[in-house]
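Undergrad: Spelled out from the first residue to the last, the chains are:
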Amino acid sequence: MKKNKQLNLYFSEQPELAKKKKNDDGRNNIIISFFIIFFLIICLRLVFLGFERKTFVGTKNYEGLFYERRDIVDNQGSILAKNISTFDLVLRKNKVKNFDNVLLKVKLNFPEVNINYIKLNYKEKNTLVLKKNLSPSDYNKITNLGEPSLELFKREIRIYPHKNLFAHILGKTDSDNYGISGIEMYMDDQLRDKSKVNIPVQLSLNTNIQYSIHEELMKGVKDFSAIGAAAILMDANTGKIISMVSLPDADNNLRNSNELKNNLSRATKGLYELGSVFKTFAIASALENKVISKDTIFSNLRNRVYCGKFPIDEYRWDKSKRELTVQQILVKSSNIGTIEIVKKNGLENQQKFLEKLEIFDMPRLEISELSKSNKNRWGKCNTLTSAYGHGVNTTLLQLTRAYAAIVNGGVLLDSSILLNRKLNKKRVISKETSVIMNQMLRANVDKKNKTSGSGRKADIVGYDVLGKTGTAQKPSKKEKGYSKEILNVFASAFPSKKPKYVLTVLIDEPKGAPQIWKHSRREAGWNAVYIAGKIIRKIGPSLAINDLDLLNNYASHTKNN
Amino acid sequence: MYRSIQKNIFEQAWEKIIQFDWFFFSLICILVCIGLLTIHTVDNSNSNYLFKHFVRISISITLFLFVAFINIKFWYRFAYVFYIGIVGLLIFVEFFGLSALGAKRWINLYFFNIQPSELMKIGVILALARYYQYIKLEEIDNFSKLIIPVFIIFIPFFLVSSQPDLGTGLFILIVCLGMLWLAGLSLKIFITGFFSLLILMPFSIAFLKPYQKERILTFLNPENDLLGSGYHIVQSKIAIGSGGFWGKGFKQGTQSNLEFLPEKHTDFIFTVFSEQFGFFGSVLLILLFFAIILKILNISLKSQNNFSRLVCFGVGFNIFVYLAVNLGMVTGLLPVVGVPLPIISYGGTAMLTTMFALGLVMSAKIHKDHNL
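Protein chains in written order, with the numbering used here: chain A, 1 to 561; chain B, 1001 to 1372.
In case anyone wonders, no lab produced these hints; they're calculated from the structure. Computed from a predicted model, the values in this text were never measured in an experiment. Where hints are given, some of them may not hold.
To be verified - Taking lysine to any residue pairs in the SDA-like style, the calculated list, with each CA pair at most 25 Å apart, reads:
{"#": "1", "chain 1": "A", "residue 1": "Lys477", "chain 2": "A", "residue 2": "Phe310"}
{"#": "2", "chain 1": "A", "residue 1": "Lys93", "chain 2": "B", "residue 2": "Thr1266"}
{"#": "3", "chain 1": "A", "residue 1": "Lys123", "chain 2": "B", "residue 2": "Tyr1049"}
{"#": "4", "chain 1": "B", "residue 1": "Lys1248", "chain 2": "A", "residue 2": "Leu44"}
{"#": "5", "chain 1": "B", "residue 1": "Lys1248", "chain 2": "A", "residue 2": "Lys294"}
{"#": "6", "chain 1": "A", "residue 1": "Lys95", "chain 2": "B", "residue 2": "Trp1246"}
{"#": "7", "chain 1": "A", "residue 1": "Lys343", "chain 2": "A", "residue 2": "Gln439"}
{"#": "8", "chain 1": "A", "residue 1": "Lys294", "chain 2": "A", "residue 2": "Ala250"}
{"#": "9", "chain 1": "B", "residue 1": "Lys1248", "chain 2": "A", "residue 2": "Lys477"}
{"#": "10", "chain 1": "A", "residue 1": "Lys123", "chain 2": "B", "residue 2": "Phe1051"}
{"#": "11", "chain 1": "A", "residue 1": "Lys123", "chain 2": "B", "residue 2": "Leu1050"}
{"#": "12", "chain 1": "A", "residue 1": "Lys97", "chain 2": "B", "residue 2": "Asn1048"}
{"#": "13", "chain 1": "A", "residue 1": "Lys93", "chain 2": "B", "residue 2": "Phe1250"}
{"#": "14", "chain 1": "A", "residue 1": "Lys93", "chain 2": "B", "residue 2": "Leu1050"}
{"#": "15", "chain 1": "A", "residue 1": "Lys154", "chain 2": "B", "residue 2": "Lys1248"}
{"#": "16", "chain 1": "B", "residue 1": "Lys1302", "chain 2": "A", "residue 2": "Val47"}
{"#": "17", "chain 1": "A", "residue 1": "Lys132", "chain 2": "A", "residue 2": "Ile84"}
{"#": "18", "chain 1": "A", "residue 1": "Lys95", "chain 2": "B", "residue 2": "Phe1054"}
{"#": "19", "chain 1": "B", "residue 1": "Lys1248", "chain 2": "A", "residue 2": "Lys123"}
{"#": "20", "chain 1": "B", "residue 1": "Lys1295", "chain 2": "A", "residue 2": "Ile31"}
{"#": "21", "chain 1": "B", "residue 1": "Lys1368", "chain 2": "A", "residue 2": "Val47"}
{"#": "22", "chain 1": "A", "residue 1": "Lys119", "chain 2": "B", "residue 2": "Lys1302"}
{"#": "23", "chain 1": "A", "residue 1": "Lys132", "chain 2": "A", "residue 2": "Asp174"}
{"#": "24", "chain 1": "A", "residue 1": "Lys93", "chain 2": "B", "residue 2": "Lys1368"}
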């Protein structure tokens, strides 16, 4: 009590403390009003948040969690790849009140869901994905069920409406929408560019033509019991790829297709020795260097020459192959004749020319599956065999590019599947050489030419097709040397006066087709050329619609006939 | 003689029980119960939050009662010792502390990890209050009388900020400024201080860690970064908004019950509560806090000495700042700084220090007639 008294006196008797107390009251009031203002602000904020509730929905909106991707469209604007929203059915453990009841509901409404899977994993996982990519009727079932533990999980998936039509070009995305193959992988950053998400990526490919080529190639594989095939249609003057097919392929929408062999793109990734199509390059090089002309005669050609101890044989030698002009060497596809031309031209010129054509370089195309030739160094023998396409390998794409350069007036272009990309170009042969080459290659296909060669079956009226075949033995997988299996190529272009389209067709391990030819020969002329002819017949009208030159060329022929 | 002493002790105890503020204590108990209930709603079978929280609450309330019945004189005498001890711990943490998430904040006591920066909130309040106990009002603005408080404030500020725990550092600073204001420091000094801080600001930004900068930037536009720190705010706002006026009902919150809301049992507990009990419940909860703070201020004003007055105010202001920052954070008014809601949130050290601090207030109330 004594203490209290003392304290009371303390306050009342000291004027400066009284003054301080007064001062305190002022400051206290400021502090209390500050508190009150803050509480009012928070309450107001709560009211505002209450009115802001429009953003809330019953299902979970994870937009932004998965990256959006730009559409991919063809040269006509039709959609090749697109992102759509979908829902997954998810079981949330912490929302389950009656587990048996939930199981019953799932069993009745989604008989396809594996109940044992739920029972097994229920205890360990908080969240179980029961079914992916729900259909609209599944979606309605869930919303009508009203079971809180069964949730709809919204996400974006990539779909490819044309299924396997563009399989090797488009590639796939993973479940997080990152590109894992094809153009989806090569252009992943651009496709995920948020600022351009509404602008599609336009390709130079044409869906109609792609479909026609795909169909014919499928038939071809079936007719000739081949293990695979590929075709590339390129605009010879721009380097843009109009169509590119590789078989077998798989539906891009099926995420789990694990057939590895289907993933090999025979057009861009597969490395092959392409055979006699390479004669075109050996002759073009010699012509360009003016060591031969179209009519230069090579005589005393034998059926076998040696490079060191390795023999090089003529294919189906007969006496008529003893004396040949340059054009005949090309048309009759004479190995020995071509070797003579290379010898005349000089080995170094042959090597340089192939390098100039970038045959052995890494192809440039906007997809991730590309291969570079594994040729390391030049020797005498592989320079000679390279003249008829043996001992060196490359991809069909690089062959197509080189062919375009030979037929388009001598300009080598970069290849691209993007419609609006500017490409580099460089001259590799003169215009004159290109014109002569076109005449000779046309003679190889032209049925009217008595000595016409292996390309006859592709001489479709009105298109003036030119081209060169290649039949190559495939290297043996088991031992050194070559196997009995072959790989055939037909590199063609049309119309021959001013080629605009280059079409290359590759068929892997074709067998004889007696049901078509009544014999079992399997050289390129009997399959690759036949398929190319059918393709040209089918796609010709579609190409001519937008191509006056091709249309006039076609019209002039039909008039004459 | 012996009997009189015995009687004296009995009388003293009885006096303390009479002076014990039951209203204040029941307010605290109501908040504690709300915290338990809310944590129960987010507790699933895996996390055993409820039980752990219950254990911590029991320890904290015991501590509260223990501190409350110790004479405030004891805290006055040992204020500096306490303060220096914690500064020592902070320095110890700097060298031997446990690191978690890139920050060194904890000392391992083998059965319990303590966070000296939390204790420092009380230490600095005690030390400042002790200092201003006998400074006369006329002298308070003297430069020479300002040197010691500046040291008292800035030593822990720099030690805590360098952990790095800028958030707690700033809280200590703000609470101390509030105390200086109540101690009677003139407005002029505050204004000068404010402007000098403003000038220092651009330089101090250079010392911020990248994540601290990011938090400030995210605050400016949370919707820009839905998955990063902005995600918290957006989800929290949705959850609060979806509660409506009456709320979705006990244990019926969908947003907060699922995994959408991060840190729902600690920093975002208000969101969980608000979704279930709506605007009505939220305002009620805020009013409860308001009542507690007003009660603390009331005890502070009725104190017979400067020490008790400043300690109570410091504690009240500390709780207020935490409350304000937490509510501001979950409603999207302030950046996400990882501050728990006092008394309600799950978490050991924060709960203990808050109850310790409230115990000091109760002690000031019980011993208000005692001389220091």
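Undergrad: Which hints, by number, does the structure contradict?
TA: 5, 8, 9, 16, 19, 21, 22, 24
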